[in-house]
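Trainee: Sequence:
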Amino acid sequence: MQHFTIIDNGHDEGMIGFKDVAEDKPLPRVTVETIENGFLINVFLEKSSPGLLVSILEAFEELGLDVLDADVSCADTFRLEAVGGEQQAESMDAQVVRQAVLQAIKKCTES
Numbered sequence: 001m002q003h004f005t006i007i008d009n010g011h012d013e014g015m016i017g018f019k020d021v022a023e024d025k026p027l028p029r030v031t032v033e034t035i036e037n038g039f040l041i042n043v044f045l046e047k048s049s050p051g052l053l054v055s056i057l058e059a060f061e062e063l064g065l066d067v068l069d070a071d072v073s074c075a076d077t078f079r080l081e082a083v084g085g086e087q088q089a090e091s092m093d094a095q096v097v098r099q100a101v102l103q104a105i106k107k108c109t110e111s
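The numbering of the sequence shown is the UniProt record's numbering, which starts it at 1 and goes up by one.
Calculated directly from the structure, the hints in this document are not laboratory data.
Mixed in with the good hints, there may be bad ones.
[Unchecked claim] Taking CB as the label site, the calculated pair distances span:
{"no.": "1", "residue 1": "THR31", "residue 2": "SER91", "range": "28 to 38 angstroms"}
{"no.": "2", "residue 1": "SER91", "residue 2": "LYS47", "range": "29 to 39 angstroms"}
{"no.": "3", "residue 1": "ASP71", "residue 2": "GLY51", "range": "12 to 22 angstroms"}
{"no.": "4", "residue 1": "PRO50", "residue 2": "SER91", "range": "31 to 41 angstroms"}
{"no.": "5", "residue 1": "GLN103", "residue 2": "GLU46", "range": "16 to 26 angstroms"}
{"no.": "6", "residue 1": "GLU62", "residue 2": "ASN42", "range": "14 to 24 angstroms"}
{"no.": "7", "residue 1": "ASP76", "residue 2": "ASN37", "range": "25 to 35 angstroms"}
{"no.": "8", "residue 1": "GLU36", "residue 2": "ASP76", "range": "27 to 37 angstroms"}
{"no.": "9", "residue 1": "GLY51", "residue 2": "ARG29", "range": "13 to 23 angstroms"}
{"no.": "10", "residue 1": "GLU110", "residue 2": "GLU36", "range": "30 to 40 angstroms"}
{"no.": "11", "residue 1": "ASP66", "residue 2": "GLN99", "range": "30 to 40 angstroms"}
{"no.": "12", "residue 1": "ASP71", "residue 2": "PRO50", "range": "29 to 39 angstroms"}
{"no.": "13", "residue 1": "THR109", "residue 2": "THR31", "range": "10 to 20 angstroms"}
{"no.": "14", "residue 1": "ASP66", "residue 2": "LEU102", "range": "16 to 26 angstroms"}
Glycine is no exception: its CB is placed at the ideal position from the N, C-alpha and C atoms.
Based on the provided sequences and hints, a complete structural model is requested.
Mentor: See below:
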């Protein structure tokens with residue numbers, strides 16, 4: 001569920017804009033939710049980097065996550081929404097997935 005804040009754009013036309021509250025959080029934004037048989041993973045960065053998608057997919061592979069469905073945009077900004085299913089029998093913590101994605105982003109953006 002998205003949360004929005006009403007903002008005044010400072011114009012006399014009486015137009016009101018909306019600002020996604022999540023935009024106030026530091027970037028990159030990575031959220032991981034546990035769902036049935038896996039995780040829903042959302043990633044947003046203001047600027048895409050070459051190799052970023054590959055780096056994140058490699059992190060999924062190292063964790064034993066199969067990408068079951070994904071929506072990716074990496075033209076200017078980078079957005080990824082993926083459903084990852086676990087190959088392993090033992091359950092994995094969502095925080096472990098989040099940290100692996102953040103490490104993959106750091107590895108790609110700092111090189």
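Trainee: Compare the structure with each hint and give your call.
Mentor: Hint by hint, here is what the structure shows:
1. THR31 x SER91: 28 to 38 angstroms: 19 angstroms Cβ-Cβ, so the 28 to 38 angstroms window is violated.
2. SER91 x LYS47: 29 to 39 angstroms: 34 angstroms, holds
3. ASP71 x GLY51: 12 to 22 angstroms: Since the Cβ atoms of ASP71 and GLY51 sit about 19 angstroms apart, the hinted range of 12 to 22 angstroms holds.
4. PRO50 x SER91: 31 to 41 angstroms: 34 angstroms, holds
5. GLN103 x GLU46: 16 to 26 angstroms: At roughly 19 angstroms between Cβ atoms, GLU46 and GLN103 fall inside 16 to 26 angstroms, so the hint holds.
6. GLU62 x ASN42: 14 to 24 angstroms: Holds - the Cβ-Cβ distance for GLU62 and ASN42, about 19 angstroms, lies within 14 to 24 angstroms.
7. ASP76 x ASN37: 25 to 35 angstroms: 33 angstroms, holds
8. GLU36 x ASP76: 27 to 37 angstroms: Given range 27 to 37 angstroms: holds, Cβ gap about 34 angstroms.
9. GLY51 x ARG29: 13 to 23 angstroms: 19 angstroms, holds
10. GLU110 x GLU36: 30 to 40 angstroms: Taking Cβ atoms as reference, GLU110 and GLU36 lie about 35 angstroms apart, which means the hint holds.
11. ASP66 x GLN99: 30 to 40 angstroms: 19 angstroms, violated
12. ASP71 x PRO50: 29 to 39 angstroms: 20 angstroms, violated
13. THR109 x THR31: 10 to 20 angstroms: Once the Cβ atoms are compared, 18 angstroms apart, the range 10 to 20 angstroms for THR31 and THR109 holds.
14. ASP66 x LEU102: 16 to 26 angstroms: Given about 20 angstroms between the Cβ atoms, the range holds.
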